[in-house]
Every structure is written in structure tokens, then in C-alpha cells.
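Can you build the whole structure from these sequences, using the hints too?
With the working numbering applied, the sequence shown closes on residue 948, and no number is skipped along the way.
Below, in silico cross-link-like pairs of lysine to any residue (SDA-like), each with a Cα-Cα straight-line distance of 20 Å or less:
no., residue 1, residue 2
1, Lys910, Ser872
2, Lys944, Asp934
3, Lys852, Ala829
4, Lys930, Pro945
5, Lys922, Gln880
6, Lys922, Gln900
7, Lys930, Gln900
8, Lys922, Ser874
9, Lys944, Glu931
10, Lys807, Leu819
11, Lys922, Val859
12, Lys930, Asp894
13, Lys922, Ile865
14, Lys922, Asp894
15, Lys852, Thr839
16, Lys922, Thr839
17, Lys922, Asn899
18, Lys922, Phe896
19, Lys922, Leu892
20, Lys910, Gly851
21, Lys930, Phe896
22, Lys944, His923
Ranges between beta-carbon positions, derived for each pair:
no., residue 1, residue 2, range
23, Leu802, Ala829, 32 to 38 Å
24, Arg806, Phe850, 52 to 58 Å
25, Gln900, Leu936, 21 to 27 Å
26, Gly940, Pro862, 31 to 37 Å
27, Ser841, Lys805, 56 to 62 Å
28, His923, Gly815, 41 to 47 Å
29, Leu936, Leu814, 56 to 62 Å
30, Lys807, Gly827, 28 to 34 Å
31, Phe850, Gly940, 53 to 59 Å
32, Gly815, Asp845, 39 to 45 Å
If you're looking for bench data, these hints aren't it; they were derived computationally from the structure.
Since this is a predicted model, take the numbers as computed values, not measurements.
Virtual Cβ for every residue (Gly too), placed ideally from N, Cα, C.
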Amino acid sequence: MLSRKRKRIRLIFLGLTLLVASALLVGYAMKDGIEFFKTPSELIDDPPPFGKRFRLGGVVSPGSIEVSTDGSVSFEVADQSASIQVIFFGILPDLFEENQGVITTGILTKENLFSADEVLAKHDENYMPKELVDSLKERGVYVKPLKD
Numbered sequence: 801m802l803s804r805k806r807k808r809i810r811l812i813f814l815g816l817t818l819l820v821a822s823a824l825l826v827g828y829a830m831k832d833g834i835e836f837f838k839t840p841s842e843l844i845d846d847p848p849p850f851g852k853r854f855r856l857g858g859v860v861s862p863g864s865i866e867v868s869t870d871g872s873v874s875f876e877v878a879d880q881s882a883s884i885q886v887i888f889f890g891i892l893p894d895l896f897e898e899n900q901g902v903i904t905t906g907i908l909t910k911e912n913l914f915s916a917d918e919v920l921a922k923h924d925e926n927y928m929p930k931e932l933v934d935s936l937k938e939r940g941v942y943v944k945p946l947k948d
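See the structure below:
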């Protein structure tokens, strides 16, 4: 028969073992989702396998947005040193425009074209929906945010 002290030590050891095993399982499950997005220069330096889904983030290059008759939109996502051509079939977010930050989700094709199935537009801390701006202007309390 085990003493109370030995039972308590075994119980603590078992609890710690389960805690470590749980943490390892969670870490293993999240290993692909920890990186939020790759920039174009990171993508060129270390391309993922073809057909693997990932996120691409950067700024929409000025003059690169082209809308086709088939409903597709193509544009370039750039960072300081590189750019990647993106093609997207779908409805773009309202905030999508040139020189605006975007995060796209999709796959890299063999032609080094990023085929996106989701496009998210990023905005700064000064963004307010148009409806809110209109409402504030009607009440006469709207103050335009200062730009740096």
C-alpha cells in the first residue's frame, strides 16, 4: 500500500505529463497556422510547395488593378523589394484600392501567379465606415483625422 505522500507525487507527475503532452499536441496542430502571412520577398526567397494554401500580404501596387470581362481581377501585391501577380475571382472588399494593404489567401501556381480565393483589405486606425462619417457630418460633429 502506498503512502499518501507517494500517491500525491504520482498524481502530480501524471498531471504534469498530461499537461506537457497537451501542449505538444496543440503546438503540433498549430504549426502551419502560426505564421500570419508571407510577404512577396519572403515568397521569392522561400517559396512554398506548389498547391499549398497560404496567405500573401503586402500593398496593392499602383496601376496594377485590371478587371477582366470574365469577372476576374488581377493585381500586384508588393513590399519594399518584390511583387507578385495575384488573380482573384469574386467580389473585392470595399476598402480594396491601390496603395492599400491586403492579405490574400490562395495557392502559388507553377507560373509564379498567386491564385487567391479570399482577399482581405487592411486599413489604419483612422478608418471609419462611410455611413458613420455621413451620420457625424449630418450632426455637425465630424472631425477629419490628421494624416502623418
